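Respectively, the protein sequence lines represent chains A and B.
Residue 111 is where the first sequence ends in the numbering used here, and the numbering goes up by one at each step.
Residue 113 is where the second sequence ends in the numbering used here, and the numbering goes up by one at each step.
For the record, the hints were derived by calculation from the structure and aren't laboratory data.
Each hint should be verified, as a subset may be incorrect.
[To be verified] Distance condition first, Cα-Cα at most 20 Å in a straight line; then the derived EDC-like pairs of lysine to aspartate or glutamate:
1) A:K67 x B:D38
2) A:K41 x B:D38
3) A:K56 x A:E69
4) B:K9 x A:E39
[Claimed, not checked] Anything over 10 Å on all C-beta distances counts as not near chain A; from chain B, calculated:
5) G16
6) N28
7) S33
8) M41
9) D56
10) Y64
11) R68
12) T101
13) Q102
14) L111
[Said to hold, decoys possible] Derived list of chain A stretches under chain B, where covered just means 3 residues or more per stretch with a C-beta under 8 Å from a C-beta of chain B:
15) 57-70
16) 89-103
Quantities reported herein were computed from a predicted structural model and do not represent experimental measurements.
Note that beta-carbon positions come from the ideal geometry of N, C-alpha and C, so glycine has one too.
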Amino acid sequence: EDKVVQSPLSLVVHEGDTVTLNCSYEVTNFRSLLWYKQEKKAPTFLFMLTSSGIEKKSGRLSSILDKKELFSILNITATQTGDSAIYLCAVSTSGTYKYIFGTGTRLKVLA
Amino acid sequence: NAGVTQTPKFQVLKTGQSMTLQCAQDMNHEYMSWYRQDPGMGLRLIHYSVGAGITDQGEVPNGYNVSRSTTEDFPLRLLSAAPSQTSVYFCASSYAGGRETQYFGPGTRLLVL
Chain A
1 EDKVVQSPLS LVVHEGDTVT LNCSYEVTNF RSLLWYKQEK KAPTFLFMLT SSGIEKKSGR
61 LSSILDKKEL FSILNITATQ TGDSAIYLCA VSTSGTYKYI FGTGTRLKVL A
Chain B
1 NAGVTQTPKF QVLKTGQSMT LQCAQDMNHE YMSWYRQDPG MGLRLIHYSV GAGITDQGEV
61 PNGYNVSRST TEDFPLRLLS AAPSQTSVYF CASSYAGGRE TQYFGPGTRL LVL
């Protein structure tokens, strides 16, 4: 059975800290891994990763994929209170049209 | 572009009632899907569609029906609501399932008493 596991489940940090969120997966015929940020409502897209070792970066956020060890990390540097959200990881597989989501990591950044 | 829209935003049902959650997108996306989100469970796929006239089941399809008569619309029907269907429902769309990111609607919060 395909599965995606995120850790930690929740995290509380102070502004300025750096955090690393983890996503591991066990799927048949991996195609891509996606990161989303969910605040009050709908998830919003952060990154899509398809190749190992290539870092994607957007401002203070960055992500990398390791297809050999079957995991990805999402790094947030110099955290701000606006980074408080649930961060979701999803994996898609070749031959299907499904995205499998992890349970998410709830991040709270204190001022 | 309005993106992905969902109605209603919030609904209260009694056990046994039926209703339809509406989802529409104006981006000409082929792929549309419905998820439910429960505390501690992440997003779970209910049904999805790869184009007009084509639908398939996801991880948790029981108690739900879908149809896709047009590219734009993908309604989700609850046949006989149960308290276990209390959840937040998200509709999403993309150009091609699995190859691109999905765009999510704002969600419908459903409470079944």
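These are the hints, each one checked on the structure:
1. A:K67 x B:D38: Violated. K67 of chain A to D38 of chain B sits at ~29 Å, over the 20 Å cutoff.
2. A:K41 x B:D38: Since the Cα atoms of K41 of chain A and D38 of chain B sit roughly 13 Å apart, the hinted pair holds (cutoff 20 Å).
3. A:K56 x A:E69: holds (18 Å)
4. B:K9 x A:E39: holds (16 Å)
5. G16: holds (29 Å)
6. N28: Per Cβ check, N28 of chain B is outside 10 Å of chain A; nearest 17 Å; holds.
7. S33: S33 of chain B not clear of chain A: closest Cβ-Cβ about 8 Å, inside 10 Å.
8. M41: The claim is violated: M41 of chain B sits with its nearest Cβ about 6 Å from chain A, within 10 Å.
9. D56: violated (8 Å)
10. Y64: Per Cβ check, Y64 of chain B is outside 10 Å of chain A; nearest 16 Å; holds.
11. R68: The claim stands: R68 of chain B keeps its Cβ more than 10 Å from every Cβ of chain A (closest is about 13 Å).
12. T101: Given that some Cβ of chain A is not farther than 10 Å from that of T101 of chain B, nearest at about 4 Å, it is violated.
13. Q102: violated (7 Å)
14. L111: For L111 of chain B, whose nearest Cβ neighbour in chain A is about 17 Å away, the distance exceeds 10 Å, so it holds.
15. 57-70: Since 0 is below three, the answer is violated.
16. 89-103: It holds, with 12 qualifying residues against the three required.
Violation of the numbered hints given earlier is confined to hints 1, 7, 8, 9, 12, 13, 15; the remaining hints are satisfied by the structure.
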